[in-house]
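**Q** In case you want the letters, here they are:
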Amino acid sequence: MSKSNFTRRGIMKTGAAAGAALTLPTYLRADGHAGFTNAPGDSEVVLGFNVPQSGPYADEGADELRAYELAVEHLNGGGDGGMLQTFSSKALDGTGILGREVKFVTGDTQTKSDAARASARSMIEKDGAVMITGGSSSGVAVAVQALCQEAGIIFMAGLTHSNDTTGKDRKANGFRHFFNSYMTGAALAPVLAAQYGTDRKAYHLTADYNWGYTTQEAIQSSTEALGWETVNTVLTPLTATDFSSYIAPVLNSGADVLILNHYGGNMINSLTNAVQFGLRDAMANGKQFEIVVPLYSELMARGAGPNIKGILGSQNWDWKLENELGAKYSGTNAFVQSFGTKYGFPPSQAAHTCYVQTLLYADAVTRAGSFAPCAVDEALSDFEFDGMGNGPTLYRGSDHQCFKDVLVVRGKENPENEFDLVEIVEVTPVEQVTYAPDHPQMGGAEASLGECNNGA
Amino acid sequence: MDQIIVQFLNGLDKGSAYALIALGLTIIFGTLGVVNFAHGALFMLGAFCAVITSKILSASHKIVDATRTDFLGNPMQVDTFYVQDWFGMAAGQTIMDWAVPIAILFAVPVMIFVGFAMERGLIKHFYKRPHADQILVTFGLALVIGEIIKYFFGANPIQTPAPPAFTGSLDFGVFLGYEAQTIMYPYWRLVYFSFSAVIIAAVFAFLQFTTFGMVVRAGMADRETVGLLGIDIDKRFTFMFGLAAAVAGVAGVMYAPIVAPNYFMGMDFLVLSFVVVVVGGMGSLPGAVAAGFLLGILESFASMPVVIDLLPGINQIIIYLVAIVILLTRPRGLMGRKGVMEE
Numbered sequence: 001m002s003k004s005n006f007t008r009r010g011i012m013k014t015g016a017a018a019g020a021a022l023t024l025p026t027y028l029r030a031d032g033h034a035g036f037t038n039a040p041g042d043s044e045v046v047l048g049f050n051v052p053q054s055g056p057y058a059d060e061g062a063d064e065l066r067a068y069e070l071a072v073e074h075l076n077g078g079g080d081g082g083m084l085q086t087f088s089s090k091a092l093d094g095t096g097i098l099g100r101e102v103k104f105v106t107g108d109t110q111t112k113s114d115a116a117r118a119s120a121r122s123m124i125e126k127d128g129a130v131m132i133t134g135g136s137s138s139g140v141a142v143a144v145q146a147l148c149q150e151a152g153i154i155f156m157a158g159l160t161h162s163n164d165t166t167g168k169d170r171k172a173n174g175f176r177h178f179f180n181s182y183m184t185g186a187a188l189a190p191v192l193a194a195q196y197g198t199d200r201k202a203y204h205l206t207a208d209y210n211w212g213y214t215t216q217e218a219i220q221s222s223t224e225a226l227g228w229e230t231v232n233t234v235l236t237p238l239t240a241t242d243f244s245s246y247i248a249p250v251l252n253s254g255a256d257v258l259i260l261n262h263y264g265g266n267m268i269n270s271l272t273n274a275v276q277f278g279l280r281d282a283m284a285n286g287k288q289f290e291i292v293v294p295l296y297s298e299l300m301a302r303g304a305g306p307n308i309k310g311i312l313g314s315q316n317w318d319w320k321l322e323n324e325l326g327a328k329y330s331g332t333n334a335f336v337q338s339f340g341t342k343y344g345f346p347p348s349q350a351a352h353t354c355y356v357q358t359l360l361y362a363d364a365v366t367r368a369g370s371f372a373p374c375a376v377d378e379a380l381s382d383f384e385f386d387g388m389g390n391g392p393t394l395y396r397g398s399d400h401q402c403f404k405d406v407l408v409v410r411g412k413e414n415p416e417n418e419f420d421l422v423e424i425v426e427v428t429p430v431e432q433v434t435y436a437p438d439h440p441q442m443g444g445a446e447a448s449l450g451e452c453n454n455g456a
Numbered sequence: 001m002d003q004i005i006v007q008f009l010n011g012l013d014k015g016s017a018y019a020l021i022a023l024g025l026t027i028i029f030g031t032l033g034v035v036n037f038a039h040g041a042l043f044m045l046g047a048f049c050a051v052i053t054s055k056i057l058s059a060s061h062k063i064v065d066a067t068r069t070d071f072l073g074n075p076m077q078v079d080t081f082y083v084q085d086w087f088g089m090a091a092g093q094t095i096m097d098w099a100v101p102i103a104i105l106f107a108v109p110v111m112i113f114v115g116f117a118m119e120r121g122l123i124k125h126f127y128k129r130p131h132a133d134q135i136l137v138t139f140g141l142a143l144v145i146g147e148i149i150k151y152f153f154g155a156n157p158i159q160t161p162a163p164p165a166f167t168g169s170l171d172f173g174v175f176l177g178y179e180a181q182t183i184m185y186p187y188w189r190l191v192y193f194s195f196s197a198v199i200i201a202a203v204f205a206f207l208q209f210t211t212f213g214m215v216v217r218a219g220m221a222d223r224e225t226v227g228l229l230g231i232d233i234d235k236r237f238t239f240m241f242g243l244a245a246a247v248a249g250v251a252g253v254m255y256a257p258i259v260a261p262n263y264f265m266g267m268d269f270l271v272l273s274f275v276v277v278v279v280g281g282m283g284s285l286p287g288a289v290a291a292g293f294l295l296g297i298l299e300s301f302a303s304m305p306v307v308i309d310l311l312p313g314i315n316q317i318i319i320y321l322v323a324i325v326i327l328l329t330r331p332r333g334l335m336g337r338k339g340v341m342e343e
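In order, the protein sequences belong to chains A and B.
If you're matching positions, the first sequence starts at 1 in the UniProt record's numbering and goes up one per residue.
If you're matching positions, the second sequence starts at 1 in the UniProt record's numbering and goes up one per residue.
Hint data in this document are derived by calculation from the structure and do not stem from the laboratory.
Glycine included, every Cβ here is placed at the ideal spot set by N, Cα and C.
Any given hint could be a false lead.
Here are the computed distance ranges between Cβ atoms for each label pair [to be verified]: (1) Glu44/A - Arg120/B: 49 to 59 Å; (2) Ala180/B - Gly397/A: 55 to 65 Å; (3) Ala202/B - Asn252/A: 29 to 39 Å; (4) Ser448/A - Pro75/B: 52 to 62 Å.
Pairs of lysine-lysine residues, derived as DSSO-like cross-links and limited to a Cα-Cα distance of at most 30 Å, are as follows [stated by the list, open to error]: (5) Lys62/B - Lys342/A; (6) Lys342/A - Lys55/B; (7) Lys62/B - Lys309/A; (8) Lys150/B - Lys103/A; (9) Lys112/A - Lys62/B; (10) Lys309/A - Lys55/B; (11) Lys150/B - Lys126/A; (12) Lys128/B - Lys320/A; (13) Lys150/B - Lys309/A; (14) Lys412/A - Lys62/B.
If we strip away everything but chain B, and leave its shape as in the complex, we get (with noise of 0.2 Å):
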């Protein structure tokens, strides 16, 4: 029982991935009709918000250590941290140290500029062009931002840890009833759901009480007649691909702790995250949460050893499996609306 307590935990925290991306998916679908094969490339991007904040925050500059050598027998240089210099050495540890709730602020104003550039200098021009044009240049230009990133970071993960009051495990057994050290969790992983969930809330909340969203929700629903009531429809469908790369942005910004950023992490989740849209239904802001978090479980009990060693390789298929009979039985995913991709 203890094991498929940690599984569900996991499949919440994979959930919690796959959920804001496809939430995201779902928005600029739903709002522009496009399927953005780009918008792994965002979380990835926005991973790497998390770790252009580290490197600000930990910019140095070299002193001379007579007493030491390098590897070639030089003088040693030593990198001092400027933000030591500036506020004293433990202000200045602490500062690094929250590197990545500190990027958050850094990364919401990028994400939403990298969102209305990629909206109004390329994606506009393919409204109008069939679906597979409108995933070949998005994939085109994930590739590219994927490539960027790889010339400017290189090809291996880097590191960005989370703050070291987040570091370690909680007894999370002890909760329910177990002996201490039966159920222990990463208290990062646990930050990560409740973070998600609190974006998840927000961006409802957002499009179901306030009059912007309502407005957008109604150009989702027949964009020809708000348009017709005089409202520029147009602009507010710019804003929700800011705000969706937003939110692809914070999910990897926080994602940056559990698996070290590298440059074809958009890549990885992509695929997966268009599953999740499928199985939800295409257009579908709460199917997408809902399969999100469906697939994480199912993926996460997927990969116990006893799953494995009963119906082996299950971990690598379940995903594609659960999918397949989804759409087998429910050819319009678990909410999808009628009309949305049958034309």
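This is chain A alone, in the form it adopts within the complex (with noise of 0.2 Å):
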């Protein structure tokens, strides 16, 4: 015969300890007043900055990190301000975020999705940041991307160009100033048909990964429809070094394009490799053959030398981008004199962008007067601006993707100084970009941000 243990004061007890135990771990996060995951305290906010500090893009990670470091400096009042003095918003007065002194912890992605969510996981549940970013692959952002938002953190991407980042997985919590591949096709297309001519068949080699196959995607259709034939289509491996092989057959296929979909170090091996084949000099249907760089970068153009003379590409942004168009561009030169002088090199568009998102995200935190990722969500979302280098530009509410010109550049020919690696052929206007929210590559009318999430 059993006897219960049940009385009035042992469930009270019990009671007792369970709620304080329930409590507990919500009581000693600071978010557990605030309503939402790393809510900061009264004297300093954290940001996380998540990028490759080793791999294959790690010199990009290391201009991205100079970057978000000067924002920081910025953000805190110090420096020159950058662009502080030009951005439209003037909520941002150089007294950190909401009275809050900006620290920051970093992050090394590796360029690997595994390695950028365990970084940015630890900084967010160990380092108690509030809002992640940073990136040099569309791989990594969807991945963090995705983690913040289950979270309940921000995640401002840095470079990632993949159309999936705002099509098919976009999300509330995420949000990306850079340009895509649909846009780089709809700029780039026209240009080459005036460069080339419409009668022109095209062999594409592209990076078996997901930007390779939007990147793909977004050129084929584009020149496509202004009347390019399109060859061939083969996936290289993102680990090739030596693309030879995949070169050899171009000439002899019946193309006279080679669009290389490829980035960072395998864009510069199979450029190096085209150039070593001959393709520049060749000619092919009775006209001269040429290459195409889709993305580039300038970094991925200092380490193709010589050899990106010429070739045309796009780029979200460039350093001489307001003195060779003037102040529509506001914002570039006094971004280009805080960092230059700091640094004594120009930045890269990578270390632009990533500037720029740390500037939006402190200036919507200020606006909506809440750290709550909510809040920060409906003070960006559908926000215009300017004076952050790209002209007006507009954070579009229905997939959190800015939409602005969009620069085609050309290797220049004759640099006047080691930074002086390309040329700009022609600024296409933000409304020749533009997209509807559904468009198919963008994922289609299934593609949703979902709800934003405060977490905790």
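Both chains are given apart, each in its own frame, so use the hints to dock them into the complex.
**A** This is the structure in structure tokens:
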């Protein structure tokens, strides 16, 4: 026969203990009283800069970190203020964010999704970062963005160009300032048609991962719409270093244009191989053979050396923009002055986008009067701004993608110095690169931001 | 047919690199019994010898050109090269252009020294340890070497061009009766293949026809007996480690114009080279060379669009597929010796 242990006193004790136990984890976290993950205290706020500090994109990661540190300096009232002087919103006053001094922690993505998620998780759980930013790969950006959505943290994407980041994988807690593959196709194709004609046969070599697929799709569809024919598309391993086996068949394939949907070291090597195999000097179908690199970066151009001369591609931003195209792109010179004075060389487009993302986040928090992700979401969605180097820009609410002019550039034939790598061929107006949020390349009607998540 | 010829040439080139690295790996394994996972790093160091030589030869000082401004609007500082100061513009430029071949003179002693230092400073302490320990320590060493290079040279590939005389492509098809420009092949890749063939032949000749080589081969077959004859075989094996490092180094120097050197290029080659060694047969020098060329050629053919269309993804697994088939049918590899790695 059993005897019941339940007594009035026992039930009250158990209830009190259980209640305390359930409350404790929430109470110990600062967000317990604020209702969102990692709510900062009164004196400081921590931002998480998650960039590739090792691996093939480490140089870009280093430039991104420089930009982040400069942004923090400006937010805290140091230096010359950079783009705080030119930004159309005047909410930021150099006293940190909502009166809190900005601190930061860094993580190493290694350009690997798993490592990037692990470092982002560490910054969120151990360091109390209220916002994560960075990247140099779309695979990493998509993975970290999903993590931030689950954790109730804002993700301000750094360098990520795949359609999917704000396309089929878009998230309410994620925002992208950088342009994307669709925009590259829309900006580049008309210039290609004007420069090389509408009767061209293209051969695509494409990096075998997310970004490669969407870039190939975007370039293929926009060039075919202008009359080009696609002769062949070949996927190349991301780990490949010698592309000669893929380049060699190109010349006798009937193609007269080679499109290298490659980035970073892949692009440097494939372009070098293409030049070695004489494609730059060859004739095909009675025309001069041409090579196109859809996505440029200054660091890649430096790595490719003279091979980049004369080759067309697209960029999000260029440090010469304001000098060459006027005050519409104000903010460019202010940033170049700050960055150049501090580090001794001009910033890359990766540095620019990361700097701008940090300021935009700080500004949104300040205008919202809250660090809560849903408040930031509301402040950034459909926010129109200017003075950040790209001209008038819209942060579209339906997909959290920035819309602004896109640059078409060409490797410079006679550079004046080691930083003078590309010339701006055309600035494509924002209207020409804008698309519907439910565009098929962006995941169609099924793609959705979902609900914003405050976490906690 | 023309595509098959081009891919065959490509395969010879890739195979040359695989064979040279695998040759060094096999020498080290055959003499010292060490599985050297840092061998790819030695190849990478060789490529960076070309980078360093190029940087030394293009060392410059700044002079202010008041007529131009830099990106911040300050007076422009222009690079002026010392070799052009000393030898004149034309001669100085020629010296800078020939940095890669000149780098061989720099790389050979440097790589022999690095090899000696590795063997005496670290690896000799692991001779009697299990192969797993050797793999761990040499792999760790490879990471350290890679990080040191990244610290000094950054993560991005560094273009190291071939001399102007060897840029461009040879109209290879004309020699085979094809129309002009049907089979174009880069001059430097032909140079690389020829150079590799010479190095491989020289290593074999050294081992086959010199007294030193004969003693080393005897030591590889029966180390104890050679030692009992009063020969200091350890010193000779240390020298062979240095020689293997030098072979990897010059292979890297000459490869620099083909793929721009970066700090992780050694890792790219390492795994493939081990597959080459295993397919060729652990400890077999001819096996390493034969397997290097075989796998290089197969990899090249597997990358042809028509093959990828037929068997998607075959280009990424062909080497491992061949390795599995060969090891299932010939567990000791193509030319492996009985007893090696079987204890």
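**Q** Run every hint past the structure and note whether it holds.
**A** Okay, the hints, checked on the actual structure:
A hinted range of 49 to 59 Å for the beta carbons of Glu44/A and Arg120/B is consistent with their spacing of about 52 Å. The hinted window of 55 to 65 Å between Ala180/B and Gly397/A holds, with their beta carbons roughly 59 Å apart. Separated by about 37 Å at the C-beta atoms, Ala202/B and Asn252/A satisfy the suggested range of 29 to 39 Å. For the pair Ser448/A and Pro75/B, the supplied restraint of 52 to 62 Å holds, since their beta-carbon distance comes to about 55 Å.
A hinted pair counts as satisfied when its Cα atoms are at most 30 Å apart, and Lys62/B with Lys342/A qualifies at roughly 20 Å. Restraint check for Lys342/A and Lys55/B: the C-alpha separation of about 26 Å stays at or below 30 Å, so the hint holds. For the suggested pair Lys62/B and Lys309/A, the alpha carbons sit about 25 Å apart, so the restraint of at most 30 Å is met. With a CA separation close to 28 Å, the supplied pair Lys150/B and Lys103/A stays within the 30 Å bound.
Distance restraint check for Lys112/A and Lys62/B: the Cα-Cα separation of roughly 40 Å exceeds the 30 Å cut-off, and the hinted pair is therefore not satisfied. At roughly 22 Å between alpha-carbon atoms, Lys309/A and Lys55/B fall within 30 Å of each other, so this suggested pair holds. Distance restraint check for Lys150/B and Lys126/A: the Cα-Cα separation of roughly 29 Å lies within the 30 Å cut-off, and the hinted pair is therefore satisfied. The suggested pairing of Lys128/B with Lys320/A is violated, with an alpha-carbon distance near 61 Å, which exceeds 30 Å.
For the proposed pair Lys150/B and Lys309/A, the alpha carbon gap of about 27 Å is at most 30 Å, so the pair holds. Pair hint Lys412/A plus Lys62/B holds up; C-alpha atoms about 23 Å apart against a cutoff of 30 Å.
Hints 9 and 12 from the list above are not met by this structure, while the remaining hints are.
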